[in-house]
Amino acid sequence: MAESGTERRVGFFTDTTLCIGCKACEVACKEWNDVPADGFDFLGMSYDNTGELSADSWRHVAFIEQVVPDASASEPGLRWLMSSDVCKHCTHAACLDVCPTGAIFRTEFDTVVVQADVCNGCGYCVSACPFGVIGQREGDGRAWKCTMCYDRLHGGLEPACAKACPTASIQFGPLDELRIRARDRVEELHERGVSSARLYLDGDNDGIGGAGAFFLLLDEPEVYGLPPDPVVPTRDLASAWRAAAASGVALVAGVALAFARDRR
Amino acid sequence: MGTSFGRGGATTFQQDLQFSDCIVIMGSNMAECHPVGFQWVMEAKERGATVIHVDPRFTRTSAVADVFVPLRAGSDIAFLGGIVNYIIANGREFREYVGRYTNAGTIIEDEFRDTEDLDGLFSGWDPEQRAYDNTSWQYKDMPTAASAGSREVAGAHGQAAGSHGATHAGRPPHSDPTLEHPQCVFQILKRHFARYTPEVVEDACGVPRDLFVRVAEALCANSGPERTSAFCYAVGWTQHTVGVQYIRTAAIIQLLLGNIGRPGGGIMALRGHASIQGSTDVPTLYDILPGYIPQPHAREHQTLDRFVEEDAAPTGYWGNMKAYTVSLLKAWWGDAATEQNDFRFDYLPRITGDHSTYQSVLGMLDGWVHGFLLLGENPAVGSAHSKLHRRALAKLDWLVVRDLYEVESASFWYDAPEIESGELRTADIATEVFLLPAAAHTEKPGTFTNTQRLLQWRHQAVEPSGDRRSDLWFAYHLGRIIREKLHASTLERDRPLLDLTWNYPVAGETEDPSAEAVLREINGWDDRDQPLSSYTQLKDDGSTACGCWIYCGCYAGGVNQVARRKPAREQSWVAPEWGWAWPANRRLLYNRASASPSGEPWSARKQYVWWDAARREWTGADVPDFDLHKPPDYEPDPGARAGDATAGDEPFIMQADGVGWLFAPAGLVDGPLPAHYEPHESPVTNPLYSQQANPARDLFFRRENPYNDGDAYPFVATTYRVTEHHTAGAMSRTLAHLAELQPAMFCEVSPELARQRGLQHGGWATISTARTAIEARVLVTDRVRPLRVQGHTVHQVGLPYHWGTRGLTTGDAANDLFPLALDPNVHIQEVKAATCDIRPGRRPRGGRDG
Chain A
1 MAESGTERRV
11 GFFTDTTLCI
21 GCKACEVACK
31 EWNDVPADGF
41 DFLGMSYDNT
51 GELSADSWRH
61 VAFIEQVVPD
71 ASASEPGLRW
81 LMSSDVCKHC
91 THAACLDVCP
101 TGAIFRTEFD
111 TVVVQADVCN
121 GCGYCVSACP
131 FGVIGQREGD
141 GRAWKCTMCY
151 DRLHGGLEPA
161 CAKACPTASI
171 QFGPLDELRI
181 RARDRVEELH
191 ERGVSSARLY
201 LDGDNDGIGG
211 AGAFFLLLDE
221 PEVYGLPPDP
231 VVPTRDLASA
241 WRAAAASGVA
251 LVAGVALAFA
261 RDRR
Chain W
1 MGTSFGRGGA
11 TTFQQDLQFS
21 DCIVIMGSNM
31 AECHPVGFQW
41 VMEAKERGAT
51 VIHVDPRFTR
61 TSAVADVFVP
71 LRAGSDIAFL
81 GGIVNYIIAN
91 GREFREYVGR
101 YTNAGTIIED
111 EFRDTEDLDG
121 LFSGWDPEQR
131 AYDNTSWQYK
141 DMPTAASAGS
151 REVAGAHGQA
161 AGSHGATHAG
171 RPPHSDPTLE
181 HPQCVFQILK
191 RHFARYTPEV
201 VEDACGVPRD
211 LFVRVAEALC
221 ANSGPERTSA
231 FCYAVGWTQH
241 TVGVQYIRTA
251 AIIQLLLGNI
261 GRPGGGIMAL
271 RGHASIQGST
281 DVPTLYDILP
291 GYIPQPHARE
301 HQTLDRFVEE
311 DAAPTGYWGN
321 MKAYTVSLLK
331 AWWGDAATEQ
341 NDFRFDYLPR
351 ITGDHSTYQS
361 VLGMLDGWVH
371 GFLLLGENPA
381 VGSAHSKLHR
391 RALAKLDWLV
401 VRDLYEVESA
411 SFWYDAPEIE
421 SGELRTADIA
431 TEVFLLPAAA
441 HTEKPGTFTN
451 TQRLLQWRHQ
461 AVEPSGDRRS
471 DLWFAYHLGR
481 IIREKLHAST
491 LERDRPLLDL
501 TWNYPVAGET
511 EDPSAEAVLR
521 EINGWDDRDQ
531 PLSSYTQLKD
541 DGSTACGCWI
551 YCGCYAGGVN
561 QVARRKPARE
571 QSWVAPEWGW
581 AWPANRRLLY
591 NRASASPSGE
601 PWSARKQYVW
611 WDAARREWTG
621 ADVPDFDLHK
631 PPDYEPDPGA
641 RAGDATAGDE
651 PFIMQADGVG
661 WLFAPAGLVD
671 GPLPAHYEPH
681 ESPVTNPLYS
691 QQANPARDLF
701 FRRENPYNDG
711 DAYPFVATTY
721 RVTEHHTAGA
731 MSRTLAHLAE
741 LQPAMFCEVS
751 PELARQRGLQ
761 HGGWATISTA
771 RTAIEARVLV
781 TDRVRPLRVQ
791 GHTVHQVGLP
801 YHWGTRGLTT
811 GDAANDLFPL
821 ALDPNVHIQE
831 VKAATCDIRP
841 GRRPRGGRDG
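Residue numbers (the numbering used here), protein chains in the order written: chain A, 1 to 264; chain W, 1 to 850.
Derived by calculation from the structure, the hints in this document are not laboratory data.
Every residue gets a Cβ at the ideal spot worked out from N, C-alpha and C, and that includes glycine.
Where hints are given, some of them may not hold.
Facing chain A, a subset of chain W residues (Cβ under 8 Å, in silico) [to be verified]:
1. Pro35
2. Gln39
3. Leu738
4. Ala739
5. Asp782
6. Leu808
In isolation and in its complexed conformation, chain W is listed as follows:
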């Protein structure tokens, strides 16, 4: 999303779905996993929208959809690419939108070679490094600077943008507004997807061609000036070795159909946890700083200016990156950060490579990661190859687990399945486990940032009981104690800690720090200590401080804007006075695109934000995502920088060229366009290219991480959640009212597969991979359907992943089955598609029971 549009967040908000004319839910079981937000899909359906659900299983979402499309897990790009081809081949694109608001006309370097030319590879592939050099993917005669975001692989390869738009300087020098030039993006796109015909879709996905055409036609018929269509996705798209490109394909469709920045359109990214969006905005990720500023690299970024120069385009809103970064440094190091000392840019921790969670876990196994802090996470159940995680935890010196319950990641040393099987012995595990009880959300104030970038304040209802403490309490006092211990240190390396502004007011018996003071710091202040109201006020001279530039304004006027709770019936349906959304309280991003280039609504039916010529400003239902007074005919001067370089008809203000990217010349390590690759483990041969799987995917060839090969594992396994449980189960297996509703680990299989393998409905089955075997109760159901792919029948096994060894209901963890095979852009595990076998009966117990 960041690469295509400029910001790494859902482009729309769930309430807006009600105005959609067609909603495609794919890679998501929205009714089960987001039942509250799903009311807006139901509302749209009641208003006459066509609701389409594409999924390997018929779920509770499918049950209320108008059209259900069963699809082979892991074949989504073939399906979506088929839609791209359908649009272009039939001339169904929203021509004016595509021509003006996307990079369709931009000419690409002559050296660029497509997967069509190289049988599944793009130009620039280095088989030894297993990485691309993206030089040939650039706009012609406009070499990109090293782009922003993931900096882990320095040098010639893998220069990639993280969650914000990649870097360019201004308008590309060569473009063809007629979109006819053979090397323009539109023609490259057309050739790239030309073979994704309905017949190929059928062959790759197992979707009958008439059903596919029905979906493609519904999308096309419900797009254009008068109508809009929306996509909703969740981790069913992200958890693949080519997951980022799944989302890119949807972005391409939505740009071609003109559905971004318009009401009832967009791409709704549905997050899996209450504040997952928040945990990337103010990140818990290793490679970005707050507000998607990349984490500096140890060797590349010696000075602030060099860092900004390499990572930010001079044009588009990232042109102000220095102001965002300096303000962050001022928030963290206060008076110690001055212009003379480069605002203490040298204090920021540097990265040297991939430090993602899976690398850290392998570091434990290899003995170079000795300690681990786990806050509200349960990898012994919830992470891919959870068996490997438990074995890794057993190698640590110390482990701190902060959770509501003693989760499997804290109890593994005495009740892991490996203890039962004899693979591990308690007496041999030296890990010292510190289990610290955490306060629940009702026991602490603070914010959630939800799936639609909306910050909502949460009041404390009760005092935490016993030794329970908030995470904020833990982080603050941990820092305080470390600083006290280092108090007398004269070592240079301790200065970053000692110079931190760590002066949050505390209150009450437990000395809980003020969450509101933290929010105020995130919002930021000026040199007179007054709260800022917008990120446009941020300066690069050290006169402003701001803990997260995209959140600037959430405490405007010294008022907690996040705590606003004006009921919907007392304001417009956009409800701008409920909570606060980043950026600048905008609910629908890139909403300048809801008006034509000249600033009028595309249609009365779909008006949202438009240019008020009399008052000479943008106006409408939402906060305009554009300079309020920049007229539609504004043309930037050749030397203009940052926001001033974006023309009055360029709605994607974060992008250096102001438009949405059909083709991504930078920002992705595995290709400028999506291509269908099979999952790392697949029973099917790639029908499109001889390149079977994503060539750039992250693989780990180790004894503990064997991959399935041969024909021993003929079926497709896919994991998911059910509405009754929450993720790894710690918060639902422990509550009777939830646990009783889904009281056993189960697997879902078709009647055909049950017959083939002798599985009894309600009985037990053992599911195995090269990693391990787990057992589950059998649910035989017509909702799982065998698919015909390339003349063969493909069976799929559905596996909810909520169970572990603890709680009111226990069961084997589905994640034990899956290997470490990751998307190369974001290092997300592929647990939505792998291969397995399934047999009747319980798994072998091992150990003493033999």
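If we strip away everything but chain A, and leave its shape as in the complex, we get:
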């Protein structure tokens, strides 16, 4: 489905073991891309007052507080997971597939970008995205999401979030290189005894044909609010149409048969 870009495919590798929850990615993204405020609501979700990705939040740091057993101490320990979520820039991008105006396109960097001046605000992409990434902006109606800082990529710069990340939790680069680095990192963590380290969306054989943004997690994806087995809804479109056509034919045949019997 993806056209091959004229440049090497780039992406994000977010290593959550290095995240310190500073939200510099959220702020840098909004600064660079001039994304408006997303509401001043106290959510009580640990230190997360962003809540989720949306038209006005293109990076979202999730905070998960866990009480975990600690073999070396008398009391249970605490684990505070932090993870900066972002658009996955899917190989099979549902938002792009369903966009009727062609506002969403695949760039030469193999990223997925919405052109604001073409978007008509139909919102099909919003329901199509298996991750709930894209949203419509209030008072504007158009769909907005992470562009992987398309303008910065043109200038040879890395995206603002990766640039701002002080601990290299967000790493940007050619996707194939990042995948190698990520596998090495998991191996290293396993050797260090961090057995829960695992990669999420690091291959091409998942329901979205591979992601341009993948993650090293310390728990199940659901814990971070990520779908464990995301599937692009348009993947089954052809078979769905075939099934629909078959049932339509069967229906017509059945009706015809009934009428034929009636006449008899």
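Following the hints, position chain W against chain A.
Only chain W this time, still in chain A's reference frame:
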């Protein structure tokens, strides 16, 4: 730090943390408050270091630490003292380092009595004056001259050193290199901390003893010739009535373990603002002049020679204090300062007592402070007992506020909580407020001095819009206008102003003075007007001028060294060509200690600066913090002075005796050794002494400043920052991208306390003290844990202090809750531990709403 090592600055730099084998972060939430510097802690962790976080709350720093230790707020000296005891009791000290580089062997006066002898007091306590006479704390037969620094309490009591080393003359006459003499520092230290056992730590701090031992063992195992450990602290240590002694305890640990002056070691003081270090180097403080030269006292210091004699040791680098002072006077008064007129030493303003910010505020309430200039400060939110501050501002005749926004300290007269409650009425407030818009850092050139003494030049990006002006513009033109108004004055008292060198070049439409010209003056010049390159060139004969001796060299060769920006990948990891660090561009202080007494690295793994015998000079990764050509076996002549009096194996060159101070015979008003005292307000009885709190702490018994007593306030309250906001909030509550990330004042409580008090997660709570009550949204979290202390459960309430009445998100100011109770050495407020109560629901509105 100044008392222990000789200089009032972080001993190391953040990049060096990456080479640490064990990092203890305590009194600091480094990941949240210094996220950029924290990358070096993460780097160390990746290299295999053990990262330990000790804190009342499980924070974002704890989340990435290997070991988290929950601790009762205000019990840090008990914990750290426990480590001192663990080291000594188990013989884990770095023996050669301790013997050679510290005052462990020095014999103390026979009259000295410890807190162990006097149940929580040291000898010399005067209960009437509430102050110590430190005569009995001295080195035996070596009475200290009146020491340098804080001069506010003249006479027999409270002679204290400020931020630089206290005064001694040369080597102490009595010492025992075996460290066995019962009156030597090492044995006194051993006895003093002997009762700080793991059991007592558990009882005082609520830290399980096995967890404590794990920390102590990690520190010991990661120290010695082959390994080093570092401490990082911030205002979680300083904002206590015994805060300076918290840092002293860490200094003692690091000296015992041999971790000062070595890579991956040290004590990293993390400052809370962009240029807080700079604001003490070229100070905004009342009791010091630039470069930590003490402010002269009105009665004590009639002449320059008397001043130098009393405040500087003849040995160690403070032996050159006269040259530093004369050069400063020449920078300020130029040709008007001559040898004949004592270089116009008489022009320097004198102090007569404690003129710190809290005294000034009380002066407003009492009607003897009439006007106030507030530059980039918001005490109506950010200072302890901010309610008292707002009431004080309302008593002024005039108030000038220079800020980026109309902060609460400028708007109090119409929107303070006291207006809402009816305690104050706008019509009754006569204060005339002048709000002057300030230029942001992007709108002006200049320097920041960061947390690691590093000066970095900041270029102007855009012209300030509208009436915004830089602080430099304000100070320069204010001075210019005052001088013009006084032009015809013949009064003696106006001469200091009229004789000032006030000739900075100005440029542009707004006549902005040149920041680079100011930097050049700070660096200093010789009698041919050539820029100096090192403070060793400063003279006491008036032939050199220098605005701040420790910054001398920042404009060496007429080049702005501060503006250097060579990327790290193009130079060594120490990055000496990025910016410029005081002193003399040294990044790691006291680095002579990274080599053994004979000058070789302690180990290949930890080599940093060493003696190159072939070239007969010190060399290594950094600028050696030592006379470059002074060999390790150099022995000073008996009459040697200043730097010449420091032997070749004495790394602490600012100290008169050349060594680090385990025991501080002078320099501190509340004891030569740290002792655990409870916070002024504490629900716990001191488990170690019957002396409950620091006896010398500053208290203010006034109607406006009531202290909690009795059982009405059973919980511990502690304040802090979160990464999303900046201090008193003026720069973050006003920006949507930051304010939305933490959009409400909240409090953090444990599920147990929430159950006990009926607090609803996400709902409202009212937190009260004898001062006032505030409201906050409730965040119930396992990250705040009840602690078992002396058989009782102690609950702690966490309170971020960023909110006020203005901005995109508003809320009550946590600082309203805290009293004025201060550390006696530096007059810093105790807002990290006090007592409070907490109840569900919003606070009473008062006034018309009843």
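Structure-based check of all given hints:
no., hint, verdict
1, Pro35, "holds, 4 Å"
2, Gln39, "holds, 5 Å"
3, Leu738, "holds, 7 Å"
4, Ala739, "holds, 6 Å"
5, Asp782, "holds, 6 Å"
6, Leu808, "holds, 6 Å"
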